[in-house]
Structure formats: C-alpha cells, structure tokens
Amino acid sequence: MSATQETQDDRGIVRRILYNREIRSVVTQIAVIMLVFALFYEIGTNLLANLEAIGKELSFDFVWLPASYDITFQPFVDYDPSKSHFWAAMVGLTNTLLVAVSGIILATILGFTLGVMRLSNNFLVSRISQIFIEFNRNVPVLLHILFLYGVIIHILPKPKKSISIMDTAFLSNRGMYVPKPVLSDGSGFVLLSVLVAISAIFGLSRWAKIRQRDTGRTFPVFWSAIAILVLVPTLTFYAMGSPISLDYPVLKGFNFKGGVALKPEYLALWLALSYYTACFIAEIVRGGILAIHKGQREAAYALGLTPNRTLQLAIIPQALPLIIPPLTSNYLNLTKNSSLAVAIGYFDIVATIGTISLMQTGKEVETMVIVLSTYLLLSLIISGSMNLLNYRLKIKGR
Amino acid sequence: MKEKSYLPGTHPDLPPPTSEVGVIGWARKNLFATPADTIFTLLALYVLYSIVPSFMQWAFIDAVYVAENREACWKMMETPGGAACWAFTSIRLNQLLYGFYPETEIWRINLSFVLLFVALAPVLIDRLPFRKQLFIFTGLYPFLAGWLIFGWFALPPVASQDIGGLALTLIIGITGIAFSLPIGILLALGRTSNLPVIKILSVLFIEFIRGVPLIALLFIASTMLNYFMPPGTTFDLLVRVLIMVTLFASAYMAEVIRGGIAGIPKGQIEAASAAGLSYWKTMYLIVMPQVLKISIPGIVNTFIGLFKDTTLVLIIGMFDLLGMGKAALTNLNWAGLHREMYLFVAVAFFFCCYGMSLYSGYLERKLDTENKFQKK
Numbered sequence: 000m001s002a003t004q005e006t007q008d009d010r011g012i013v014r015r016i017l018y019n020r021e022i023r024s025v026v027t028q029i030a031v032i033m034l035v036f037a038l039f040y041e042i043g044t045n046l047l048a049n050l051e052a053i054g055k056e057l058s059f060d061f062v063w064l065p066a067s068y069d070i071t072f073q074p075f076v077d078y079d080p081s082k083s084h085f086w087a088a089m090v091g092l093t094n095t096l097l098v099a100v101s102g103i104i105l106a107t108i109l110g111f112t113l114g115v116m117r118l119s120n121n122f123l124v125s126r127i128s129q130i131f132i133e134f135n136r137n138v139p140v141l142l143h144i145l146f147l148y149g150v151i152i153h154i155l156p157k158p159k160k161s162i163s164i165m166d167t168a169f170l171s172n173r174g175m176y177v178p179k180p181v182l183s184d185g186s187g188f189v190l191l192s193v194l195v196a197i198s199a200i201f202g203l204s205r206w207a208k209i210r211q212r213d214t215g216r217t218f219p220v221f222w223s224a225i226a227i228l229v230l231v232p233t234l235t236f237y238a239m240g241s242p243i244s245l246d247y248p249v250l251k252g253f254n255f256k257g258g259v260a261l262k263p264e265y266l267a268l269w270l271a272l273s274y275y276t277a278c279f280i281a282e283i284v285r286g287g288i289l290a291i292h293k294g295q296r297e298a299a300y301a302l303g304l305t306p307n308r309t310l311q312l313a314i315i316p317q318a319l320p321l322i323i324p325p326l327t328s329n330y331l332n333l334t335k336n337s338s339l340a341v342a343i344g345y346f347d348i349v350a351t352i353g354t355i356s357l358m359q360t361g362k363e364v365e366t367m368v369i370v371l372s373t374y375l376l377l378s379l380i381i382s383g384s385m386n387l388l389n390y391r392l393k394i395k396g397r
Numbered sequence: 000m001k002e003k004s005y006l007p008g009t010h011p012d013l014p015p016p017t018s019e020v021g022v023i024g025w026a027r028k029n030l031f032a033t034p035a036d037t038i039f040t041l042l043a044l045y046v047l048y049s050i051v052p053s054f055m056q057w058a059f060i061d062a063v064y065v066a067e068n069r070e071a072c073w074k075m076m077e078t079p080g081g082a083a084c085w086a087f088t089s090i091r092l093n094q095l096l097y098g099f100y101p102e103t104e105i106w107r108i109n110l111s112f113v114l115l116f117v118a119l120a121p122v123l124i125d126r127l128p129f130r131k132q133l134f135i136f137t138g139l140y141p142f143l144a145g146w147l148i149f150g151w152f153a154l155p156p157v158a159s160q161d162i163g164g165l166a167l168t169l170i171i172g173i174t175g176i177a178f179s180l181p182i183g184i185l186l187a188l189g190r191t192s193n194l195p196v197i198k199i200l201s202v203l204f205i206e207f208i209r210g211v212p213l214i215a216l217l218f219i220a221s222t223m224l225n226y227f228m229p230p231g232t233t234f235d236l237l238v239r240v241l242i243m244v245t246l247f248a249s250a251y252m253a254e255v256i257r258g259g260i261a262g263i264p265k266g267q268i269e270a271a272s273a274a275g276l277s278y279w280k281t282m283y284l285i286v287m288p289q290v291l292k293i294s295i296p297g298i299v300n301t302f303i304g305l306f307k308d309t310t311l312v313l314i315i316g317m318f319d320l321l322g323m324g325k326a327a328l329t330n331l332n333w334a335g336l337h338r339e340m341y342l343f344v345a346v347a348f349f350f351c352c353y354g355m356s357l358y359s360g361y362l363e364r365k366l367d368t369e370n371k372f373q374k375k
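First to last, the sequence lines map onto chains Z and R.
Under numbering that gives the first Met the number 0, the first residue of the first sequence carries the number 0, and numbering increases by one thereafter.
Under numbering that gives the first Met the number 0, the first residue of the second sequence carries the number 0, and numbering increases by one thereafter.
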C-alpha cells in the first residue's frame, strides 16, 4: 500500500474546487475587484445624477475665472481679486508651504532641545521638559492654535503699547514686527562668501577624516568650522563696506512701518504647530537615544573617547536611523495640520480654494479634488526625501 | 569618647558620608553634579520663580469664581482683567457639557454616560463577576445609547444639531475608537495579505487617507458626501462626520497593527499552519493576541490622536467642547476671556488623554509576559 493512495482526495469535484486554495484566492480577488468597481460605478453614477439634478457639471474650467476675493496674506505670489482661482490656489499653496517649512524648522530645533533636556541628569531640567511635553501633547493642536490666536488678537496690547523685545522686534495685537534685512550693492558677495564658507567646511571635514584615517591625529573640526562660518562672511561684509543693513520697524500713527510683519494668523499657526509637533519630536529623540544599548556608551568610554566624541561617533549615528522614520511622519502631520489655518483665517490652500472658491463657485467636487491631490503630492515629496535621507544615513552592514 | 579597637577585618562598615546621602546627596547628584549643571539648575529655578507664583496669583488667588458675567467679574478685581474669571464654568456649564440639548432631557445623556462605564467595565477589568453576561450588555450598548441620546420609541427625539459640548466630543471620540480598531485590523490584514488585489486596495486606501488632512475629509463629509448617495437620500451631518472620522482613524490604526504583525516571528504562523489552523483561525487565535499586546502603545496613541482630532468638527460648524467654548467667547458676556476658556477646555482634554495613556501603561505592565531576566 503506497502513501499516495492513503492521502488521495475522495471528496466530490465540487467540494474539491471549493476547498482548493488557489481557486479560492482567485475567486475572492475577482469578487473583490467586482465589488470595488460596482461601488465606484454606483458612486460615479450617483454623483453625475445628483449634479445634473441641481444643474451643475463636472469641469475644471472655473479655475481660470476671476476669483474676485481678497487675500490679505500673500508674501510670494502677486495676487489681486481680478486674478483667477488658479492664482488664489497658488497663494494658498505657497502660504501652506511657508508655514509647513518654517514650522518644520522650528519644531525640529525645539524638539531636539526638549528631548535632550528630558534626558538630562539634572532633575529640574528634565522635569520641566517632561511637564511641558506631557501637557502639550495631550491637548488638541486646534486648541493651541485658537488659544495663541485669541491671546495675540485680544489680550496683547495695541501697537502703541506694544511689547518691545530689545527695541528691535515688537509684539502687539497686530502680530510681530521684526527687522528686515535690506540688500544693497555688493550684498551678493556676502551671500556668496557664506556658500564658500560652507563648502570650505565640507572640504575641511573630509580632509580631517582622511588625515585621521592615515595618521590617527584628530583635528578640531567643529570649532574651526564655526570660526570659518563666522569669520569669512564677517570679513567680506566689512570689506564690501557693510552692504546689508537692517530696516527696523518704527511706530507711525496706529501701526508700525518698515520691517517684516508676522501677521497674527501666521504667528499663531506657526508657533502652535511648532511647539505641538516639537513635543512629539522630543519623545522620538528621547526614545531613539534610549534605545541605544548602554554597552555602546560604556565601550566607547573604555576606548578612551570623550563624552562628546562618544555622542558624535557612537550614539548619534546609531540613533538617527531610529529617529528619522517617526520624525518623517511628524513632519507630515505638521504639514497636514497646517490645514487648520482655516479656523483662524490664515489663507492656506484649504482656506483659499477649498473654502472661499468653493463657496463662490459651488464646485465642491472639483475644489476638493484639487485640495486632496495637493496634499497627496506634498506627502509624497516629504516622505520621499526623508526616505532618501534615511537611506544615506543607514549604517551599512558588511 | 574612647576609640574602640577592632581586630583586623572586623571593623563594622561606617555610614556613608552625609554629603552623599539624604537630601544633600540627592541634590548634589541631581542638581549640582557639574558646574554646567549648577548653572542649568539656577536657570530652571529662575524660570520657575518667574512663572509659577504669578500664574498661581492669576489663576487661583486673585481669580473670581462666581459672577454674573465678565463685566461683573472684572469689577471685583483691582485691575480689570488682571486675574482669571472662572464664572463661566458655573453659568455656561450645561452648554459646555451638553450643547443645546433640551434641559429636561439631559438625564438621558447622563444616563448613557453612566451606562458607558458599565459597558466598559468587562472590557477594562478582567476579574469581574458576571463578566460574560456584562459583555452582552456591552454589545447592546451602542444601540441603547443611540436610543437614549437621539430619542425614538417612548423618548422624544432630539435633533443631532442640538447635541454639543463634551457630549458631542465623547460621542464622536468613542464611536471612532470603537469602530476604528476592527476596521484597522481588517485593513492591516489586507495589507499583509498574500492576495495581490486585496493588498493593493488596502495600500491605496491607507496611503490615501494618511496623505490628506482630516479637515479636507470633513469638508467632503459636509459638502459632497450626499452626492455619492442615490439621488434623494440625505443623511445626518453627524453620521457623515462619524463615518469620516472612523475611516481616518482606521487607516492610522491599520499601520500600527501592521507594525505589530511585522513583529511576530514567522515561525508562529508556520506552526499554526502546521497544526492545521485555517487562515482566520491562525489570525484570531495566534497572531492577533500577540499583535494587540505589543501594539498597545501605538493603539492608545491613535485613540488619543482621534480624541484630540474630534475638535476639528468645529470648523464645519458643529459645536463640540472646544466649539462651545469658542462660541461662548463671541458672546459679549464672556468676550475677552480667551485664556481662561481655552485653559479650561485644555485641562478637560488633558485629563481625558492623559488618563488614556496612563491606562495603556498599566495594561502594558499587566500583559508583560517577557522574560524578566532577558530584559535586564
């Protein structure tokens, strides 16, 4: 008696087909595809029928019609109400990008600072950071935004009695006024010298690495880098006869003149998004550093590395690959949360094309498609570039 | 005192020097270990000194707790607006908690809130008498609560626009939490599935939802979701919002669960197959119990995020707790109390969310079956 006879399937043909794994999976998948198509077909026909019933049609032509509404915050795009909805959307997009990029920068700086403070051996410093993080993390970001906006608009004094910070920046219920750099002839050389200094630092660090590999002698790269970064532009600045000056805001009448105005809407959104996201980044940084095994630090000390070098050579390179993926999702969250601008009247993409244009033209479907695809594109760009960074920083195993 | 002499090796241990133990030793170690540490400590003390006393003065000592309105509040202070005015917490409490729910019917919300704890008890506490029977109640609870809150047979109906305040926040939050976990599990299983079609569809859905802000989805709910339905049907804005919030949270939940599934050794699934378990039995009996345990922190974080995101409904014109507070500030009686109102709402949210994260920590420790020696 052979083994094959024993295991032979004596079930009927129908049951055999029913229990066959491959047939089952093919049938399930076909069924799912048909279901999804049916769903989309149903939604599509319903949509068209509903739109026809109220006399609308699907078309994106409206984006070229004049928008005819005013946008009070447009630092990058020259816009006036006679321009089309497309340009209104562009203003919205640049405003979204402005608050997202500046928010990401501030949130990263604040977040790393808070995270390092939280890890400090100093009891007070660590506790203050912990309380700040825990409280802000557990309160909705929209509340932070509304709170800051409410405080700026209603609680801060009028421009005449504004809070001055070292007589250069002024905080009032019109927002914050900071000095504006004015570029005159020769300022290009100063900017160029900054670039030269940065590339010199890159060259220096490469040279120092090669020299250390060959001879074993280290070079104080950090301090010399700071010296180069400070000295080269300063010298060029004076050599060219101080081509960059600051335009200070001055109180004239009821408001300030000159300088750069950070409007209350922008200020509230930027600060709230930054410190809210910073609290999450702080926890990520803390988690990443704590995840490095204690033995790594001890081994580095045993090799005679100083605490700074240990951090630089052993801890940070191992912690960064752990930190970057969650950091990316926090950057994405910040970008998406910037859409809460609509609650306080900052003109981002949702507030311009997704709200006002929608109200004016009644094109709910089309405007929403534009808004959704913009955010999808932004998400794709951010996560793509962060993935690239993570790939570059990955410790390559041998 | 005469010094006692000891034989070599029999001298008792001396107590540690006083500078190393007790308060002084602790402060030396934790506050003044290095010169830099000392500077940081002094700086931190200065920050605390400049913030805490003046905040206490503003929020509690000089504050006015009972008054008719803001005007009356500020009259009672030495400098108008120089201290907090908490009068709204008593006068507008009903609106902050229930929105515009009819006053005679408020008991219905209170009752469903109390019953919520009865329904949650068997889920949260595992050594409970009559746990099995209580689970039946848990299953019935959503219908019971829906009946109590919206009214139907024997109870006068209440329009969903009238529900607001903390009640609305809790309704959206709890519904989202209850439904996003099972949907998230299904999506995660879809994403890890061997069937390409199901995998691609799950990935598309998850990445689409995660790529767009919730507020855009809520706009869709409020403006165009009815267009997707057969002509003539409309359904309530609250229901549309609940659908969107649930879908949004389940995409995030799916990613948390997927991370958990990736953490399960492959041998577990192979062993289950070898034991003759079907796919669903493998998932239900072997994989999910382990996945849910290791992803507790992520799951609770998603819950907390969802709960905080419920505030976004105020942008599409619903009045949750934050919306109610914001609306009160536009009332002339309470205008100008931005700090007090938002602080009040913030503390309410803090307690809810921090409570959830404390419970997750407790659950993690309770379910921790890892080898204690291995961990050290």
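You may find that some hints are simply not true.
Said to hold, decoys possible - Each computed SDA-like pair below joins lysine to any residue, with the alpha-carbon atoms no more than 20 Å apart:
| hint | chain 1 | residue 1 | chain 2 | residue 2 |
| --- | --- | --- | --- | --- |
| 1 | R | Lys28 | Z | Ser24 |
| 2 | Z | Lys55 | R | Thr191 |
| 3 | R | Lys280 | R | Thr191 |
| 4 | R | Lys280 | Z | Ser24 |
Don't read these hints as lab results, they were simulated from the structure.
Keep in mind the model is a prediction, meaning the values are calculated, not measured.
Consistency of the hints with the structure:
no. : hint                : verdict
1   : Lys28/R - Ser24/Z   : violated (64 Å)
2   : Lys55/Z - Thr191/R  : violated (42 Å)
3   : Lys280/R - Thr191/R : holds (16 Å)
4   : Lys280/R - Ser24/Z  : holds (17 Å)
Violation of the numbered hints given earlier is confined to hints 1, 2; the remaining hints are satisfied by the structure.
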